[in-house]
Amino acid sequence: MNFALEASRSRHLEAGVKAVLGATTRLNLALFEVATEREIVVDTNVGGRSTFKNAGCTRRSGLELGRESSLPFGLEAALAWTLLEATFHDTFTSGAVTVPSGNRLPAVARNTLYGELRWKHAPSGFTLALEAQHKSRVAADDVNSDFAAGYTTANLAAGFTQSGGKWRLSEFIRIGNLADRRYAGSVIVNESNSRFFEPSPGRTAMVGVQAKLGF
Numbered sequence: 025m026n027f028a029l030e031a032s033r034s035r036h037l038e039a040g041v042k043a044v045l046g047a048t049t050r051l052n053l054a055l056f057e058v059a060t061e062r063e064i065v066v067d068t069n070v071g072g073r074s075t076f077k078n079a080g081c082t083r084r085s086g087l088e089l090g091r092e093s094s095l096p097f098g099l100e101a102a103l104a105w106t107l108l109e110a111t112f113h114d115t116f117t118s119g120a121v122t123v124p125s126g127n128r129l130p131a132v133a134r135n136t137l138y139g140e141l142r143w144k145h146a147p148s149g150f151t152l153a154l155e156a157q158h159k160s161r162v163a164a165d166d167v168n169s170d171f172a173a174g175y176t177t178a179n180l181a182a183g184f185t186q187s188g189g190k191w192r193l194s195e196f197i198r199i200g201n202l203a204d205r206r207y208a209g210s211v212i213v214n215e216s217n218s219r220f221f222e223p224s225p226g227r228t229a230m231v232g233v234q235a236k237l238g239f
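This note's numbering applies: residue 25 is where the sequence shown begins, and numbers increase by one.
Bear in mind the hints are in silico, worked out from the structure with no lab data behind them.
It cannot be assumed that every hint is accurate.
Said to hold, decoys possible - No more than 16 Å apart at the CA atoms, straight line, and that leaves these computed lysine to aspartate or glutamate pairs for EDC-like: (1) LYS77 to ASP114; (2) LYS159 to GLU92; (3) LYS144 to GLU100; (4) LYS42 to GLU92; (5) LYS77 to ASP67; (6) LYS77 to GLU30.
To be verified - Computed Cβ-Cβ distance ranges for the label pairs, DEER-style: (7) SER216 to LEU237: 47 to 55 Å; (8) PRO147 to LEU87: 38 to 46 Å; (9) LEU99 to PRO223: 29 to 37 Å; (10) PRO223 to TRP105: 24 to 32 Å; (11) TRP191 to GLU92: 25 to 33 Å; (12) PHE56 to GLY80: 15 to 23 Å; (13) ASN52 to ARG219: 37 to 45 Å; (14) LEU29 to TRP191: 48 to 56 Å; (15) ASN52 to MET25: 42 to 50 Å; (16) PHE97 to PHE56: 35 to 43 Å; (17) ILE197 to VAL44: 28 to 36 Å.
Built from N, CA and C at the ideal position, the CB exists for glycine as well.
Produce the complete structure using the sequences and hints provided.
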C-alpha cells in the first residue's frame with residue numbers, strides 16, 4: 025500500500041465547431057487538452073495485484089472529428105476519428121527504472137477510427153449495419169519497452185422494429201469480430217513478468233429482444 029499517494033488534479037480545455045452541409049451531412053470538430061498534476065499511475069503489477077504512485081505531470085491533447093451523412097436508398101454513414109497524444113511531461117522513477125519525459129502513457133492509442141454504414145427499410149422496420157473500428161498500437165508499460173499491435177475489426181448487426189400503441193418491440197442479432205481476428209484488446213500495465221497482453225474474444229454472436237412501453 026502507498027499511504028503517500030496524493031489525489032491528482034487536472035485542467036481541461038476544449039473548443040469545437042459544428043457545421044451542417046446541406047440537408048444531409050453534419051460535421052463536428054473538437055480540439056482538447058488535459059493537463060494533469062500528480063498523475064496516478066501503476067507502480068507495480070504482480071500476480072493480478074496492483075500498487076499505485078504519483079508520477080508528476082502528464083499531457084493529453086488531440087482532436088475529435090466526426091461526420092454523419094444521409095445517403096440515397098435509405099443508407100446512413102458515420103465516421104469518427106480521434107487523435108490523442110498522451111505523454112508524461114515529467115521524468116520520474118518506476119521501481120529501479122527511470123521513465124523519461126515524453127514517453128507515451130501506456131494503454132492509450134494515438135489513433136482511433138470508427139466507421140458505420142447503416143441501411144434501413146422503413147416499411148418493414150428492418151435495419152442492417154456494418155461497423156469497422158481501428159486502434160493504433162499502445163504502450164504496455166511506462167518505459168515503452170513493448171507495445172500491443174494495432175488492430176482493425178468489423179461487426180455486423182441486423183434487426184427489426186415494430187410499433188403498436190405505446191409499445192415498441194425490437195429483435196436484433198449482432199456478430200462481433202466478423203473476421204474472427206486474434207489480437208490483444210488490452211494490456212496489463214507494468215506487469216512484472218512482462219505478460220502484458222490480454223487477448224480479445226474471437227467471433228461472437230448475440231441475439232436479443234427488447235420491449236419498450238411509452239407513457
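These are the hints, each one checked on the structure:
1. LYS77 to ASP114: Given that 16 Å is the threshold and the Cα spacing comes to 14 Å, the pair holds.
2. LYS159 to GLU92: With a Cα-Cα distance of about 20 Å, the restraint between LYS159 and GLU92 is violated, given a limit of 16 Å.
3. LYS144 to GLU100: Distance of about 8 Å is within 16 Å: holds.
4. LYS42 to GLU92: 12 Å, holds
5. LYS77 to ASP67: Judged against 16 Å, a Cα distance of about 6 Å means the pair holds.
6. LYS77 to GLU30: Within the cut-off at roughly 8 Å; holds.
7. SER216 to LEU237: 47 to 55 Å: 52 Å, holds
8. PRO147 to LEU87: 38 to 46 Å: With a Cβ separation near 40 Å, PRO147 and LEU87 satisfy 38 to 46 Å, so the hint holds.
9. LEU99 to PRO223: 29 to 37 Å: 34 Å, holds
10. PRO223 to TRP105: 24 to 32 Å: 26 Å, holds
11. TRP191 to GLU92: 25 to 33 Å: 29 Å, holds
12. PHE56 to GLY80: 15 to 23 Å: 21 Å, holds
13. ASN52 to ARG219: 37 to 45 Å: Given range 37 to 45 Å: holds, Cβ gap about 39 Å.
14. LEU29 to TRP191: 48 to 56 Å: About 52 Å separates the Cβ atoms of LEU29 and TRP191, which means 48 to 56 Å holds.
15. ASN52 to MET25: 42 to 50 Å: 44 Å, holds
16. PHE97 to PHE56: 35 to 43 Å: 36 Å, holds
17. ILE197 to VAL44: 28 to 36 Å: 34 Å, holds
In summary, the one numbered hint that this structure violates is 2.
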